[in-house]
Amino acid sequence: MTKQYFGFSVLEQRSVNLDSEMPAELESLYQKEPSLRACIACGNCAAVCSAGHFAEMQFYRLNVMARRGLLHEMVGKAAACMLCGRCQMSCPRGVNIRHAVLMMSQL
Amino acid sequence: MDSKFHPFVLPFSIGFALMLAVLTVRYVIWLRGLSSDNRKRIRSNFFTVNTWEALVEIFRESLVHLKIYKVNPMLGFMHMSLAFGWFLLIVGGKLETWYYTGDFANEMHYAIFFRYFEPVTSGFWMNGVMVFFMEFALLMVLTGLILALAKRIRKKLMGMQNTTRHSSGNRIALTFLWFIFPLRLFAESATAGQHGGGGFLTANLGAWLFGGDSAASWELPLWWAYSISLGLFFIALPFSRYLHIPTEMVLILLRRWGLESEKGFNPNKGLQAFEVHSCSSCGICLDACPAINIGQEAFQASYFVRGVRENSEVEAKATSCLSCGSCTAICPVGVDVEQLRLDKRSDIFTKARFSHSYLPGSMTLWRDTTEVVLFTGCMGRSNPKTTVAFKALLKEAGLSFVHVDEKDGVCCGRPMALAGALDQSLMMKEYNSNLINGQNGQVLVTSCPICFKYFTEEYNLNIPVMHHSQFLWELMKKGKIKRDSRDLKFAYHDPCELGRGSGCYEPPRSVLAQLGELLPVDKERDKALCCGNNLGSLSLPESDRRQITARTLAVLSANEPDYIVSSCPLCKQTLARQSSVEVKDLAEILLETKPLRVKVPSYSYVHQEAGR
Amino acid sequence: MTKQKVAIIGAGPAGLQSAVSLAELGYEVDLYEKKSRPGGHLAEWHVLFPDMQPAGELLDSLMQKVLAHPQIRLETGVNISGLERAGNSWQLIQSDSVRGEADAVVLASGFKLFEASKKEEYGHGIYPAVISSAELEAIFNREKEWPFEKTNKSPKIGLVHCVGSRDAKCGNLYCSKACCITAVKQAIELKKTFPASEVYCFYMDMRMFGLGYEELYHKAQLDYKVHFIRGRLSEASPSGAGRIQVKAEDTLMGRPLKLTLDMLVLMVGMTASVSPEVKENTVELKEYANKGEFVKIPGAVIGAAQWLKPGLFVAGACKGPATLPEVLNDARATALDLRNYLSGVL
Numbered sequence: 000m001t002k003q004y005f006g007f008s009v010l011e012q013r014s015v016n017l018d019s020e021m022p023a024e025l026e027s028l029y030q031k032e033p034s035l036r037a038c039i040a041c042g043n044c045a046a047v048c049s050a051g052h053f054a055e056m057q058f059y060r061l062n063v064m065a066r067r068g069l070l071h072e073m074v075g076k077a078a079a080c081m082l083c084g085r086c087q088m089s090c091p092r093g094v095n096i097r098h099a100v101l102m103m104s105q106l
Numbered sequence: 184m185d186s187k188f189h190p191f192v193l194p195f196s197i198g199f200a201l202m203l204a205v206l207t208v209r210y211v212i213w214l215r216g217l218s219s220d221n222r223k224r225i226r227s228n229f230f231t232v233n234t235w236e237a238l239v240e241i242f243r244e245s246l247v248h249l250k251i252y253k254v255n256p257m258l259g260f261m262h263m264s265l266a267f268g269w270f271l272l273i274v275g276g277k278l279e280t281w282y283y284t285g286d287f288a289n290e291m292h293y294a295i296f297f298r299y300f301e302p303v304t305s306g307f308w309m310n311g312v313m314v315f316f317m318e319f320a321l322l323m324v325l326t327g328l329i330l331a332l333a334k335r336i337r338k339k340l341m342g343m344q345n346t347t348r349h350s351s352g353n354r355i356a357l358t359f360l361w362f363i364f365p366l367r368l369f370a371e372s373a374t375a376g377q378h379g380g381g382g383f384l385t386a387n388l389g390a391w392l393f394g395g396d397s398a399a400s401w402e403l404p405l406w407w408a409y410s411i412s413l414g415l416f417f418i419a420l421p422f423s424r425y426l427h428i429p430t431e432m433v434l435i436l437l438r439r440w441g442l443e444s445e446k447g448f449n450p451n452k453g454l455q456a457f458e459v460h461s462c463s464s465c466g467i468c469l470d471a472c473p474a475i476n477i478g479q480e481a482f483q484a485s486y487f488v489r490g491v492r493e494n495s496e497v498e499a500k501a502t503s504c505l506s507c508g509s510c511t512a513i514c515p516v517g518v519d520v521e522q523l524r525l526d527k528r529s530d531i532f533t534k535a536r537f538s539h540s541y542l543p544g545s546m547t548l549w550r551d552t553t554e555v556v557l558f559t560g561c562m563g564r565s566n567p568k569t570t571v572a573f574k575a576l577l578k579e580a581g582l583s584f585v586h587v588d589e590k591d592g593v594c595c596g597r598p599m600a601l602a603g604a605l606d607q608s609l610m611m612k613e614y615n616s617n618l619i620n621g622q623n624g625q626v627l628v629t630s631c632p633i634c635f636k637y638f639t640e641e642y643n644l645n646i647p648v649m650h651h652s653q654f655l656w657e658l659m660k661k662g663k664i665k666r667d668s669r670d671l672k673f674a675y676h677d678p679c680e681l682g683r684g685s686g687c688y689e690p691p692r693s694v695l696a697q698l699g700e701l702l703p704v705d706k707e708r709d710k711a712l713c714c715g716n717n718l719g720s721l722s723l724p725e726s727d728r729r730q731i732t733a734r735t736l737a738v739l740s741a742n743e744p745d746y747i748v749s750s751c752p753l754c755k756q757t758l759a760r761q762s763s764v765e766v767k768d769l770a771e772i773l774l775e776t777k778p779l780r781v782k783v784p785s786y787s788y789v790h791q792e793a794g795r
Numbered sequence: 217m218t219k220q221k222v223a224i225i226g227a228g229p230a231g232l233q234s235a236v237s238l239a240e241l242g243y244e245v246d247l248y249e250k251k252s253r254p255g256g257h258l259a260e261w262h263v264l265f266p267d268m269q270p271a272g273e274l275l276d277s278l279m280q281k282v283l284a285h286p287q288i289r290l291e292t293g294v295n296i297s298g299l300e301r302a303g304n305s306w307q308l309i310q311s312d313s314v315r316g317e318a319d320a321v322v323l324a325s326g327f328k329l330f331e332a333s334k335k336e337e338y339g340h341g342i343y344p345a346v347i348s349s350a351e352l353e354a355i356f357n358r359e360k361e362w363p364f365e366k367t368n369k370s371p372k373i374g375l376v377h378c379v380g381s382r383d384a385k386c387g388n389l390y391c392s393k394a395c396c397i398t399a400v401k402q403a404i405e406l407k408k409t410f411p412a413s414e415v416y417c418f419y420m421d422m423r424m425f426g427l428g429y430e431e432l433y434h435k436a437q438l439d440y441k442v443h444f445i446r447g448r449l450s451e452a453s454p455s456g457a458g459r460i461q462v463k464a465e466d467t468l469m470g471r472p473l474k475l476t477l478d479m480l481v482l483m484v485g486m487t488a489s490v491s492p493e494v495k496e497n498t499v500e501l502k503e504y505a506n507k508g509e510f511v512k513i514p515g516a517v518i519g520a521a522q523w524l525k526p527g528l529f530v531a532g533a534c535k536g537p538a539t540l541p542e543v544l545n546d547a548r549a550t551a552l553d554l555r556n557y558l559s560g561v562l
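Residue numbers (this note's numbering), protein chains in the order written: chain A, 0 to 106; chain B, 184 to 795; chain C, 217 to 562.
If you are wondering where the hints come from, they were derived from the structure by calculation, not from laboratory data.
C-beta: ideal position from N, C-alpha, C; glycine also.
Among the hints, erroneous ones may be present.
Stated by the list, open to error - If you anchor each label on the Cβ, the simulated ranges turn out as follows: (1) B:Asn617 x A:Glu55: 22 to 32 Å; (2) B:Ser668 x C:Gly456: 49 to 59 Å; (3) C:Glu503 x B:Ile336: 36 to 46 Å; (4) C:Glu496 x B:Thr776: 44 to 54 Å; (5) B:Glu498 x A:Glu20: 23 to 33 Å; (6) A:Glu55 x B:Asp606: 19 to 29 Å; (7) C:His443 x B:Arg666: 43 to 53 Å; (8) C:Glu365 x B:Asn645: 56 to 66 Å.
Looking at chain A on its own, in the form it has when it is part of the complex:
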């Protein structure tokens, strides 16, 4: 493996590396639910989340993880969702969150 020049060094576990190739599943995720791209991580979904009373369920974070290619992390966290749909009813960007979570949880 050749060492790449970043101009700085960062612990690998800490960094998000957008130079690495994105997982192939990501494209199909966005293709099947294009509204995912509209998320601005405002946090409304997490604020209203029914599961969020008890567990670490923050949809906007799942989506950020997906965008950064951290699928493994994302899949594990999606499992807490109850699919109640409150987030979707209040999402200011019109993201079909329930559909997105369903697909995330089975990647």
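Chain A is fixed; fit chains B and C onto it per the hints.
Showing chains B and C alone in chain A's frame:
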């Protein structure tokens, strides 16, 4: 050569035999896929009155099409003319051959092409009846055919806004079908013209068109053409939507024998196969669908079932649909599309894994008895006005209550089930059951129809469950809440989950009728339009949902109500966002119509309450 | 030759400024206002961002110019419901009768504030402690009482940005532009009124694009110790003694946040007020009823004339959310376009 045979009958005979062979093979495969429980049901119900009832239903629905007639008389008449007319031709043909030969067991083609072999028949008065009967039946089919043609050209003539766009295979089968009866008419007329005989149709047409010697060469080609179109139609039948003709009859039998759908998505075996192939693509579900002609994906039941039948990709169709149930409610064949769609969804999301093991166990502490256990659900949290109003009404009625999910509410599980993941809602069910059962209450009242449906159908609670509209009507009936009628006009919106989903149409209407005038709505009760946000839909884009909402609002506001009233937090929130007429929950209306002399604090009481 | 006449619909900042500019250019101006008083929303504000200039000062200076100019005729309480083309001029229709005629018309009907109670989860109209940003202005103007006890000198106050703006669920995808800076301005005013208070702004993005806005934001943080929290509220619920408990997601922490407040202010956005229905020779001015859209001017970006039809110009916030400086400049520019039209250049 046998006078009862001519080579032109071969296309028919071969086509018919092929159809029988294919049908037998397909049905055997499907029947072998029946679960052992279902097989037991067949065995135990075969020699019962159920079979007779099924035969009556087959007559009513497969031949006379009474249900279609109820939805759309013109369309019913068309289907009846085609199906019942054809049936009469078959029965009449059989009787005819029996009567004239004195032999019941005749070859099939002899009855079908009877007039070729026996142009002139004689007999006593019965001959006239027979001839007239056969010609009348033919006329009936031809009338149906003309109506069907008219429907193709202008669907509005038949009272339809939308008709199914058929795939090319089905169009071919349709063409053969359309050729059959005109050809029969012409073939019989040609024979009558050349050899005499015939009835009011064929004798006259024959004399007019085929009387001369030059027309003699027309007779045989016409019989050939008639036979060929019959044969080709029969060959196409098991591979086209016309498979529904025999399949619907079998389905009616199976249903009457009490068979239940097998678990999972298996459209090529078991009861599901019969169900899927019973759909005739008649298109009645299209006009009923609140999302018709909206968005990219035509996901209506007719298209979804066809996709399933043809093994094509139906994922987007299954995930877009709102699951509002209007297609299932109106389907004349009674195909349970709702269940089929849910099965498809579980098939799509089969790998989705949810775990709610983080939910804390709930301790049942000793509690004082309380009259009402109130559950407002997830969506209720976005509708504080409804909750506050309902609590104020409970106070007015002098009832004690516990708002059980005020702080740590958990979803009832129905949304999970609507996504096809019924089995993954167990932990939520357990949590909520413990919470509710531990309250020592007398009745569980929920203001959310989604929760209501799930609580009644899937939970085993130790107290009865009521929707708040039912409960409020009970309180009014008992005189615990009293109102005078006012000069107000309401349009009531039936939530899918409460109306079609739970059969609750009257209580909210009864309450509103006490408070003012309840306006008629163009599509209401089991034909009500969805608000656009039913949780059944997963992938329908926001813009499409808004269009559906706008359409529903247009119907609700048509008679210029003062308020649009719903009794579902999801519907209310959805409608209110886009409505120019104020949208309120039933509880809000009931609270706000309180006479001033009743000294019960209104919305503001919630502050004192919370301060305790 | 008689002077050419211009009619202006709406006497808010855009209408007033258009009237002044056009009268200065030599036209006769008929200025119609639906309400009983001129000034539009400007008459409701307390002080203006970013300089904290009293809103009344600006309105007074505009009004003085309007009243002092002999060519401007101001009529209040007149609701112009439509326009009709008559030859080269426009007739102004007030409930089926012709109210006046003009060679050109300026539509300056402004905006409506988003109805805060439409976001029911925030509790406006249910809990007295939840008010809109416009109601807070009224409180600053001493036209309304504080919703908490007079003795409370250290109230905790929350301000929610983007209420009815940037919200697909309200059908308003646009940013109302003025709410972020209004929140900063109001937060500073609140701290000035109650130095011991705690003020929290809940934002999605801070949009400080205008001249002097970013500096004011900086000042709010440094000098006034206003707290800025990036996150959306889920709901407001009663918390006893008239207080409000809010639940939100703190997106920077990635954790849920709970806060009990004495007052919750909803920064309501702008929505369309009049939706013109343009036909061949008539224009119907329809009241916004939860589904109207801002007036769309084709080709506005490339500097085409700001008109809907020849001689029918549109000025100010009825074209979309705008701040006061933008509205005033737009009114001046419209006046210039209009002059070019009437003198045959355009």
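Results of checking the hints against the structure:
1. For B:Asn617 and A:Glu55, the hinted distance range of 22 to 32 Å is satisfied, since their beta carbons lie about 23 Å from each other.
2. Between B:Ser668 and C:Gly456 the CB atoms are about 38 Å apart, so this pair departs from the stated range of 49 to 59 Å.
3. For C:Glu503 paired with B:Ile336, a C-beta distance near 44 Å keeps the hint of 36 to 46 Å intact.
4. Roughly 47 Å separates the CB atoms of C:Glu496 and B:Thr776, a value that falls within the hinted 44 to 54 Å.
5. Taking the beta carbon of each, B:Glu498 and A:Glu20 are about 27 Å apart, inside 23 to 33 Å as hinted.
6. With their beta carbons about 24 Å apart, A:Glu55 and B:Asp606 fall inside the hinted range of 19 to 29 Å.
7. For the pair C:His443 and B:Arg666, the supplied restraint of 43 to 53 Å holds, since their beta-carbon distance comes to about 47 Å.
8. Checked against the hint of 56 to 66 Å, the C-beta distance between C:Glu365 and B:Asn645 comes to roughly 45 Å, which is inconsistent with it.
Hints 2 and 8, counting from the list given before, are not met by this structure.
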